[in-house]
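Let the hints inform the model, and build the full structure from the sequences given.
Here the protein sequences come in this chain order: A and B.
Mind the numbering: the first sequence is residues 112 to 485 in my numbering, read in order.
Mind the numbering: the second sequence is residues 9 to 578 in my numbering, read in order.
No lab work stands behind these hints: they were computed from the structure.
Predicted, not measured: the structure shown is a model, and the values here were computed from it.
Careful: at least some of the hints might be erroneous.
Incomplete in silico selection of chain A near chain B, CB under 8 Å [claimed, not checked]:
#: 1; residue: 123
#: 2; residue: 173
#: 3; residue: 175
#: 4; residue: 189
#: 5; residue: 192
#: 6; residue: 201
#: 7; residue: 206
#: 8; residue: 208
#: 9; residue: 222
#: 10; residue: 302
Note that beta-carbon positions come from the ideal geometry of N, C-alpha and C, so glycine has one too.
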Amino acid sequence: MSEPAAGTPFLELRSVSKTYQLTKTHAIKAVDSVSFSIAEGEFVTLIGPSGCGKSTTLRMIAGFLKPTGGDILLEGKSITALGPEQRNIPMVFQNYALFPHLNVFENIAYGLRARKLSDDIIAHDVAMICQMLNLVGTENRFPDALSDGQQQRVALARALVLKPKILLFDEPLSNLDARLRIQTRAEIKRMQTLLKITVLYVTHDQSEALSIPDRLLVMNKGKIVQQGKPREIYDFPSTPFVADFIGNANFYDVCVISVGSANVQIALQDLEFDVSLDHCDHHPTKDEMALLSINPITITIEEPDGVLGKNQCVCMVEQCLFTGHAFSYTLAFRDTSIRVLQPNIQGAVTQFVPGAEVKLTFHAQAFHLFRIQE
Amino acid sequence: MHETNAFRPTRKSLMKTDPALFSALVAVWLSFAIFIFLPVIRLLITTFYVDGTFSLANMRKVLGTSYNIKALYGSLILATSVSIAGTFLGYIFALAVTRTALPRPLKVLLGAVTILPLISPPFTSSISLTLALGPNGMLLKALGIGDFSIYGFLGTWISETLTYFPVAFMVISAILNTMSATLDDAALSLGASRWRMFTTITIPLSLPGIGNSILLLFGASLADFATPLILGGHTFPVLPTEAYLMITGMFDLRGGATLSFLLLVPALLVFFLQRMLLGKKSFVSVTGKNGARTEFAKLPTALSVFICAVCLFIVVFILYLYAIILWGSFVKVWSVNNTFTLEHYAYVFKHGQKAISDTLLIAFLSTVIGSVLAVVIGYVAQRKQFFGKRFFEFTSMLNYALPGTVVGIAYIIAFNQKPILLTGTLSILVAAYVFRYYATGIRSVIASLEQIDPALEEASMSLGASSVRTFTHVTIPLIIPAVLAGMRYLFIHCMTAISATIFLVSVRWTLLTTRILESMTELQFSQASAFSMVLIVIVFLADALMLYLLKVTTSKFHKPQEISYEKVGA
Ligand SMILES: Nc1ncnc2c1ncn2[C@@H]1O[C@H](COP(=O)(O)OP(=O)(O)O)[C@@H](O)[C@H]1O
Ligand SMILES: [Mg+2]
Chain A
112 MSEPAAGTPF
122 LELRSVSKTY
132 QLTKTHAIKA
142 VDSVSFSIAE
152 GEFVTLIGPS
162 GCGKSTTLRM
172 IAGFLKPTGG
182 DILLEGKSIT
192 ALGPEQRNIP
202 MVFQNYALFP
212 HLNVFENIAY
222 GLRARKLSDD
232 IIAHDVAMIC
242 QMLNLVGTEN
252 RFPDALSDGQ
262 QQRVALARAL
272 VLKPKILLFD
282 EPLSNLDARL
292 RIQTRAEIKR
302 MQTLLKITVL
312 YVTHDQSEAL
322 SIPDRLLVMN
332 KGKIVQQGKP
342 REIYDFPSTP
352 FVADFIGNAN
362 FYDVCVISVG
372 SANVQIALQD
382 LEFDVSLDHC
392 DHHPTKDEMA
402 LLSINPITIT
412 IEEPDGVLGK
422 NQCVCMVEQC
432 LFTGHAFSYT
442 LAFRDTSIRV
452 LQPNIQGAVT
462 QFVPGAEVKL
472 TFHAQAFHLF
482 RIQE
Chain B
9 MHETNAFRPT
19 RKSLMKTDPA
29 LFSALVAVWL
39 SFAIFIFLPV
49 IRLLITTFYV
59 DGTFSLANMR
69 KVLGTSYNIK
79 ALYGSLILAT
89 SVSIAGTFLG
99 YIFALAVTRT
109 ALPRPLKVLL
119 GAVTILPLIS
129 PPFTSSISLT
139 LALGPNGMLL
149 KALGIGDFSI
159 YGFLGTWISE
169 TLTYFPVAFM
179 VISAILNTMS
189 ATLDDAALSL
199 GASRWRMFTT
209 ITIPLSLPGI
219 GNSILLLFGA
229 SLADFATPLI
239 LGGHTFPVLP
249 TEAYLMITGM
259 FDLRGGATLS
269 FLLLVPALLV
279 FFLQRMLLGK
289 KSFVSVTGKN
299 GARTEFAKLP
309 TALSVFICAV
319 CLFIVVFILY
329 LYAIILWGSF
339 VKVWSVNNTF
349 TLEHYAYVFK
359 HGQKAISDTL
369 LIAFLSTVIG
379 SVLAVVIGYV
389 AQRKQFFGKR
399 FFEFTSMLNY
409 ALPGTVVGIA
419 YIIAFNQKPI
429 LLTGTLSILV
439 AAYVFRYYAT
449 GIRSVIASLE
459 QIDPALEEAS
469 MSLGASSVRT
479 FTHVTIPLII
489 PAVLAGMRYL
499 FIHCMTAISA
509 TIFLVSVRWT
519 LLTTRILESM
529 TELQFSQASA
539 FSMVLIVIVF
549 LADALMLYLL
559 KVTTSKFHKP
569 QEISYEKVGA
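Next comes the structure, spelled out in structure tokens:
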């Protein structure tokens, strides 16, 4: 066997599709010609709304499903025709899928036994992984006697003990409570760095998606709509969908007043802004209607002081939800409304009550302009 | 003094706080006393009381006869072999339906063929086995085998296995279906081969179903009376037939009672084991929410091929047996004069008319009464708290746990004399069926109630409905599918069962199944076949009607029920 040529991606999907034929006439295109690649040692997260085809993609990579089109390559070799048991791509499931009739030790040892390793080696490897994942002392317990967090760690241990080159996760934290989720997330990242494995991680939770990966793939309706570093995607969403799903943005139809060499001038209600052309997904023309997205966190909110500068306006608070780390305001904004997120710098900010007048400051360098889709 | 005072208020309170429950309990306990306790106690008295004192004389006498000992061993050996072979076949069929790539129509066919033995009278496979492999048997002639006797252990074993494996199929396919498919995926993705997955995941997780099936089949075979009566012959006696022959042939009620006591012991043992097994928490329900819609991984190819081959063979054999019965009912004299005739059907509708109408009336009455009782008992046992609840539940199932022969003998002993003289009446037949076969109804009502969040009933009460109104307007509509499912089996059992009622029929009230037996003992095979066909058609039509009702009601209630589960957060 030859070493893969330098530059060959570790895992590569080439226009992979999956169509579920429900009846003779009715079919669902769950995954639609998806292509992406993952480099060795990379941590990649696949995010998208529920039902967009994430699990289907993952299950095709694991080998549980046969693609209806395209090719999947591991280290340059096609694995599309192989069964899951021949791929050595373990997966951590949302419901953990621990074997209920086996104790923790046997669950972790399952894959090692399938590889016909000697008992000594198995005992040693299992002990090691238990040590690493803080499972020492639970070896003889059955899955139903474990806490959620422990079950999750056994599921992780069971895959990691095989020292796989690549590991798949399908929403592994969605059955955990918020605190455990953050803890386990850190754990997964730590293990990945420590063991230098490649990870493809599926989630629909944006905070989870942004915090761990080296790279993010955003999926919608069976297609990859954007990929890049989390920061890039958050700051430069390429479509309204991404701006909405990742940034939870406000959207307004705006009119293009004039187009300059670097900026485009737009009118939002009675306000006028200059948006950099870098922040437009197309080259706008004068008088065209475009879709403006404004991330709620980029708007500053303060007590009105009678002075209104450029990019500022006065609005009335309709609702204020306190979420601990922030205040989430909904304000009347001319004839529509606008959402604003104000970080809770403790003691330093006043909370405005519904009915109060406030001054908003927009920062046009954070605006994004999209073509309006018919 | 102090204690009785402390106790009294709670006693009073049930009558006051829930008068409906109180009166229901009184009525049900009263019926238990008459139709469950009285017969069993009279049976024990007849066995162990001689001239007013406790005595083992009957037992000694019965056990002193080597033929009876042979019957005891015969029963146990037969039950063991049938439970193993039947469970094996049932497992194969269940795997074929849940784990192979067979096309859907074929899977439906497999399911349909396994329904056949369930809706047939217990003699069907015995009759056709006799016709195929008995003296002058068709298959024997075709294969050119001269010296072969179907009578004895072999024939009984084959026939009972074919009759009871569908039960194993149902129990095991239910458990194979509820397994989480992601476990298969997990095993494969950890590198296990498909064989390894099958032996380390699928088989261990289906063990509770296998255990349950073995016990069910053991009990069913132990109690089976019709098959060994026709196929056992003199060389292979078993307890139920010996007890029957002792009572009807030698009029020895004491001997029959004692033999049936011998049968009662292993039957109760199986019953207790089964309750223990079901009481244990099953593995299958441990893993909760599923991530993705998944299908079970396919089995190793060699195993799939083996499974399909076995299924094909069995299906063909079963269809062949039913074809023989059909054919047999249309020829003049079986294997002697093969000209086509309708005379057997003419006979059935002329001389068997009373049996048909009697059977239908009895089955109808039993189904209605049994269902009402099943709803009340199931509801009370699942939803209410009261003193002696476990014993209540146990008692309700007792007649079902006992072999039919035991119940039949106990009933003739108990109701043959005043104060409750019922021999020869319609009531005794109906009572025997109701208290035996309402058990499936109770089980399905309880299972259905376990799925329905009590918050629905609490909501109804908190909106001001009384407990009776809540029961009739909220609970009943929700459990109707379960009740209908229970009714379905109740009706089938009442149409086809014979082991208990063979002792209870009379000139005034007779049953189709007993007519089949009479024809068989008179060696009128064609007549027996015609009776069987008529019975199968009636049961099939009634069953189809019941299934249709079930479908209509479930489709009507399915959606709102689902929504309310979610809202309630169950
Ligand atoms: N076995 C299946 N049969 C038919 N449709 C399916 C099946 N599995 C998934 N789907 C459909 O495919 C789409 C994508 O599903 P999935 O990959 O599970 O989404 P996600 O994991 O992103 O929530 C959904 O519309 C879903 O209903
Ligand atoms: Mg999913």
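So, going through the hints one by one against the coordinates:
1. For the restraint placing residue 123 (chain A) at the interface with chain B, the shortest Cβ-Cβ distance is roughly 19 Å, beyond the 8 Å limit, so the hint is violated.
2. A distance limit of 8 Å between C-beta atoms decides the matter here; for residue 173 (chain A) the minimum to chain B is near 5 Å, and the interface restraint holds.
3. Contact between residue 175 (chain A) and chain B, as hinted, is supported at the beta carbon level, the nearest pair being about 5 Å apart and thus within 8 Å.
4. Given the 8 Å rule on beta carbons, the hint for residue 189 (chain A) is violated: about 18 Å separates it from the nearest Cβ of chain B.
5. Given the 8 Å rule on beta carbons, the hint for residue 192 (chain A) is violated: about 15 Å separates it from the nearest Cβ of chain B.
6. A distance limit of 8 Å between C-beta atoms decides the matter here; for residue 201 (chain A) the minimum to chain B is near 5 Å, and the interface restraint holds.
7. For residue 206 (chain A), the shortest C-beta to C-beta distance to chain B is roughly 5 Å, which falls under 8 Å, so the interface hint holds.
8. A least Cβ separation of about 4 Å between residue 208 (chain A) and chain B falls short of the 8 Å threshold, and the interface hint therefore holds.
9. With 8 Å as the threshold, the beta carbon of residue 222 (chain A) comes within range of chain B, its nearest partner Cβ sitting at about 3 Å, so the hint holds.
10. Interface restraint check: residue 302 (chain A) against chain B, minimum CB-CB distance 17 Å, threshold 8 Å, status violated.
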